Amino acid sequence: MKTASRIYTFFIFLFLYAPIAVLVVFSFNGSETMSRSVWSGFSLRWYRLLFQDRMLLNSLRNTLVIAVVAAAVSTVLGTAAAIGIGGMNKWARRAVMDITNFPMVNPDIVTGVSLMLLFVAAARLLGNRSLGMLSLILAHITFCLPYVILSVMPKLRQMDPNLYEAAQDLGCAPVQAFFKVVLPEILPGVVTGMLMAFTLSIDDFVISYFTSGTTQTLPIFIYAMTRKRVSPEINALSTLLFGTIFALLMILNFRIAGNPGRRGRKAGEGADQ
Amino acid sequence: MKMKSAAFPYLVWMAVFIIVPTMLVVIFAFTGRDGSFTLRNLESVGQYSNVFLRSIWLGAVATAVCLAAGYPLAYFIAQAGGRRRNVLIMLVMLPMWMNFLLRTYAWMTLLEDSGLINRALTFLGLPTLHMINTQGAVVLGMVYNYIPYMILPLYSVLTKIDKSVVEAAQDLGADSRKVFLRITLPMSMPGIISGVTMVFVPAVSTFIISRMLGGGSNLLIGDLIDMQFLGSAYNPNLGSAISLVLMILILICMGIMNQFDKNGATEGGIMV
Chain A
1 MKTASRIYTF FIFLFLYAPI AVLVVFSFNG SETMSRSVWS GFSLRWYRLL
51 FQDRMLLNSL RNTLVIAVVA AAVSTVLGTA AAIGIGGMNK WARRAVMDIT
101 NFPMVNPDIV TGVSLMLLFV AAARLLGNRS LGMLSLILAH ITFCLPYVIL
151 SVMPKLRQMD PNLYEAAQDL GCAPVQAFFK VVLPEILPGV VTGMLMAFTL
201 SIDDFVISYF TSGTTQTLPI FIYAMTRKRV SPEINALSTL LFGTIFALLM
251 ILNFRIAGNP GRRGRKAGEG ADQ
Chain B
1001 MKMKSAAFPY LVWMAVFIIV PTMLVVIFAF TGRDGSFTLR NLESVGQYSN
1051 VFLRSIWLGA VATAVCLAAG YPLAYFIAQA GGRRRNVLIM LVMLPMWMNF
1101 LLRTYAWMTL LEDSGLINRA LTFLGLPTLH MINTQGAVVL GMVYNYIPYM
1151 ILPLYSVLTK IDKSVVEAAQ DLGADSRKVF LRITLPMSMP GIISGVTMVF
1201 VPAVSTFIIS RMLGGGSNLL IGDLIDMQFL GSAYNPNLGS AISLVLMILI
1251 LICMGIMNQF DKNGATEGGI MV
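Going line by line, the protein sequences match chains A and B. For the record, in the first sequence the residue sitting at position 165 is 165 according to this note's numbering, with numbers rising by one throughout. Add 1000 to a position in the second sequence, counting from 1, and you land on the number used in this note's numbering.
I should point out that these hints are in silico values taken from the structure, not numbers from a laboratory. Remember, it's a predicted structure, so these values are computed and weren't measured experimentally. Hints are not guaranteed to be accurate.
Derived lysine to aspartate or glutamate pairs resembling EDC-like cross-links, with alpha carbons at most 20 Å apart [stated by the list, open to error]: (1) A:K228 <-> B:E1112; (2) B:K1163 <-> B:D1175; (3) B:K1004 <-> A:D160; (4) A:K228 <-> B:D1113; (5) A:K180 <-> A:D169; (6) A:K180 <-> A:E165; (7) B:K1178 <-> B:D1162; (8) A:K2 <-> B:D1175; (9) B:K1004 <-> A:D98; (10) A:K180 <-> A:D203; (11) B:K1004 <-> A:E165; (12) A:K155 <-> A:D203; (13) A:K228 <-> A:D98; (14) B:K1178 <-> B:E1167; (15) A:K155 <-> A:E165.
Working from the sequences, and respecting the hints, build out all of it.
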């Protein structure tokens, strides 16, 4: 039984990682014919071409700007929303949460086209503007918000509600009480929400595709690359992205390795999302 | 702490960017190009019933494969000891961090007629297989992209099952098959349900996987919608009608799944 389960696990992981390994190996392929699957010696030419690609660097910059703005705005709005929703009566809270869950349940493509209809109508009203960074940022904030709210709400529920009142009894103004007492209590939820918003924004293709006009983000650039029949630059780009993610996760893992209890919980939390 | 007003900006945001766009989809679905009320769009969705059936069928097959392949893995990982378990679950999550376009592109390289798999077959003196641009390739792409969404919720519920319940069943004379069918499986129902929805919804509505691995001949609902909004067949009214039907279809599926959840053990549910 033990060996059978090991072999099974091995094959699933082989299935998960073999395609990535192929991308990585072929990113170093020096083939002159630009074929995707003929190996002809080690070379870094695709990396060189990648870094000379203006469009790529431009789309990377767009992606980062959008992700930072979307994460910041959705974190502030979402945290405030979670606090406000906590103070609502049962009926109102349920109605708001149903609508909050809606974009997460709704297929991305439907969210994408519905926002596209809104932005196209708004752009026409505002005098034939075209979709671009602004519509992308608004769309990204919209799909990030539910994730922030859902990661802040449990932390608020765990918090002792008397703490906030105690701070006020001891002379804190409401705003001061929020920053000194409430925020530190819910901070882990706020940070989780912000990180999720950031990664979701960087990774999003479908909603961006419908709300971007002619502006390119990294996933849209990748999509354009895959439409060309042969472009080994993609392999180089994948390798760089995968390497970056892998390095980041390793660093995170080592940083919290000293605290196994916490790391165990983190894995569980990741799974809940 | 009563600070209802803190939610006010969010309520406005929600109204403008969730409710209004959804209303727009409904309005567009029920109007013609000239803006007058019509049922024509919804009627023409009927012409595409084969595309809908194909999407649902391929999505269901992919979901079933994910469940069948993912459940044992989630179970083995949940059984593994502390450190090993964390490494394994991290390895399940890692590919999710890579953009799904790149993951799908990787399979293009492998499945092509002159791709790596066929080269390997030729090298071994075997006949080549035509794999790309088939429904099998589309299902494979779906399984590959979405299987972590099945494994993670399953793993999460399986680790929460109280070992003493399993031991009690064994003490009372249940063999391992009975323990699995009567204890483990019912207790992992919430995980199965959230896994199934998390795989089925994106699989049914995808348009990238079908385009990259299915060629032009295996259109899915997502491709139809894309064609109406950004493609050659530009017709946002028809596109909205298709989106509306897709949305309702998904909501019905979710309703049915939630019903299952109520019948089973709800403890530790992780609906998304």
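Hints violated by the structure (numbers, ascending): Hint check: 10, 12 and 13 fail, others pass.
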